[in-house]
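S.K.: The sequence shown runs 203 to 654 under the working numbering.
Hints in this document: simulated from the structure, not taken from any laboratory.
Bear in mind that the values here come from a model prediction, so they are computed numbers and not experimental data.
Okay, derived cross-link-like pairs now, SDA-like style, lysine to any residue, Cα gap no bigger than 20 Å in a straight line:
#	residue 1	residue 2
1	444	553
2	504	639
3	209	501
4	300	240
5	300	454
6	635	327
7	396	215
8	499	319
9	444	519
10	635	592
11	300	312
12	504	473
13	635	328
14	504	311
15	650	474
16	206	505
17	209	504
18	650	466
19	211	492
20	650	467
21	632	328
22	499	272
23	396	219
24	300	455
25	444	560
26	650	640
27	632	596
28	206	272
29	499	331
30	635	646
31	209	505
32	634	592
33	300	461
34	444	455
35	209	221
36	634	327
37	300	460
Taking CB as the label site, the calculated pair distances span:
#	residue 1	residue 2	range
38	423	642	52 to 58 Å
39	629	467	27 to 33 Å
40	319	558	37 to 43 Å
No residue lacks a Cβ here, since even glycine has one placed at the ideal position from N, Cα and C.
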Amino acid sequence: MLEKFFKLKENGTTVKTEVIAGITTFMTMAYILAVNPNMLSAAGMDSTAVLIATCLASFIGTLAMALLANYPFALAPGMGLNAYFAFTVCGNMGYSWKVALMAVFIEGIIFIVLSLTNVREAIFNAIPSTLKKGVSAGIGLFIAFIGLQGAHIIVNDDSTLVTYCKFADNWNTQGICAVLAIIGLIITVVLYIKGFKGSILIGILSTWILGMLAQAAGIYHVDVDDGFYSLYPTLHMTDFSKITTTFGQCFNADFSNVGIFNFIVILCSFLFVDMFDTIGTLIGVSSKAGMLDEEEKLPRIKPALLADAIATSAGAIIGTSTTTTYIESSAGVGAGARTGLSSVVTAFLFLIAIFFAPIFTAIPGFATAPALIFVGFLMVSSILEIDFSDLTEAVPAYLTMIAMPFMYSIAEGIAIGVISYVLINVICGKAKKNTVLMYILTVLFICKYVFL
Numbered sequence: 203m204l205e206k207f208f209k210l211k212e213n214g215t216t217v218k219t220e221v222i223a224g225i226t227t228f229m230t231m232a233y234i235l236a237v238n239p240n241m242l243s244a245a246g247m248d249s250t251a252v253l254i255a256t257c258l259a260s261f262i263g264t265l266a267m268a269l270l271a272n273y274p275f276a277l278a279p280g281m282g283l284n285a286y287f288a289f290t291v292c293g294n295m296g297y298s299w300k301v302a303l304m305a306v307f308i309e310g311i312i313f314i315v316l317s318l319t320n321v322r323e324a325i326f327n328a329i330p331s332t333l334k335k336g337v338s339a340g341i342g343l344f345i346a347f348i349g350l351q352g353a354h355i356i357v358n359d360d361s362t363l364v365t366y367c368k369f370a371d372n373w374n375t376q377g378i379c380a381v382l383a384i385i386g387l388i389i390t391v392v393l394y395i396k397g398f399k400g401s402i403l404i405g406i407l408s409t410w411i412l413g414m415l416a417q418a419a420g421i422y423h424v425d426v427d428d429g430f431y432s433l434y435p436t437l438h439m440t441d442f443s444k445i446t447t448t449f450g451q452c453f454n455a456d457f458s459n460v461g462i463f464n465f466i467v468i469l470c471s472f473l474f475v476d477m478f479d480t481i482g483t484l485i486g487v488s489s490k491a492g493m494l495d496e497e498e499k500l501p502r503i504k505p506a507l508l509a510d511a512i513a514t515s516a517g518a519i520i521g522t523s524t525t526t527t528y529i530e531s532s533a534g535v536g537a538g539a540r541t542g543l544s545s546v547v548t549a550f551l552f553l554i555a556i557f558f559a560p561i562f563t564a565i566p567g568f569a570t571a572p573a574l575i576f577v578g579f580l581m582v583s584s585i586l587e588i589d590f591s592d593l594t595e596a597v598p599a600y601l602t603m604i605a606m607p608f609m610y611s612i613a614e615g616i617a618i619g620v621i622s623y624v625l626i627n628v629i630c631g632k633a634k635k636n637t638v639l640m641y642i643l644t645v646l647f648i649c650k651y652v653f654l
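Start from the sequences, fold in the hints, and give me the full structure.
M.R.: Take a look at the structure:
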């Protein structure tokens, strides 16, 4: 049955590989179960309700991706989008979280329509092959950067913005976390080179276990104020009654203090970031997995985009910010995932997490960091397929690649890449390489920077 539905042999994979890869993807995404409730509670939402909504939205979206598109892509409330939701819309702008949820719900409906009418598919296909390679490499750098931060190997610095961890200064918190992450990275790399199945998952679990041993030995210190929590999982049930405080509340939004122009700005911001985050993730992960066809198009992209859109609207109704395809899906792909079976595994782990969330939220960032850093390496290798002898192709791909980690956004990387590709080719007398849709996207991106 599994073979017939997911076409495992056709995709060169097995049930065991897909299950391990699905668990790996979940482990690298599990941080969202702790981060999203913390983020949205700042907007006045109940954290337990947001936790339940996060699990349900991730389950619905990831399962839809598996069943509709048969792809190993997992979905969850997006980082960056939840920050915009909480700190910009509900914080700086001062609007109710119910208004923000309604904007997310409408965004999802618009995306459902666009997905059914081929608009999002056309945008995906319009992006040149070179830029797609740049997107894949850029996402590799981006997730590696996220991993280095989660490991506390890279930390904030007033003079240089970022710097390396001063191991001795905060040895029992940042220092030991960074060291454990480096050990975990070495374990992951060696096992991968040796051909061990599940090397990435083993790396995560090994790093987490070493962390618990370090806490037991008094080397790692719990410091909640600075974000260093106990590494031991706890076991208690979730209060399911809390979901009533957010479920369906987007339809109770009060727009009396929200002007139509302001709401459109909020809606367009959600639309822009979600659309190009999703497209960028699909490009990057599917490119690395070898899923693009000879024309650099993704088969079954329409149901994949539809699953993403359905998850966004469903998540808004349940009570969470925009649900989108996660770049951490690349960790599962790196572990061998090639079909929707791995997504089914990830989806049900999110469902189970509703009951035992404290276990999964105990997975520390430094434990998942080795997976992200190593998968980043695997994805950066796509840059080797770029023709560096043609600078009109190579430079836009390069700008796309570096913009993603430096601007901390997949969407911004695509915007910079598209704008530079069109302008460089026009100025250099190669305007015929640009399609009409690329010109349209360039104008829209420039307007975004001017007006949003």
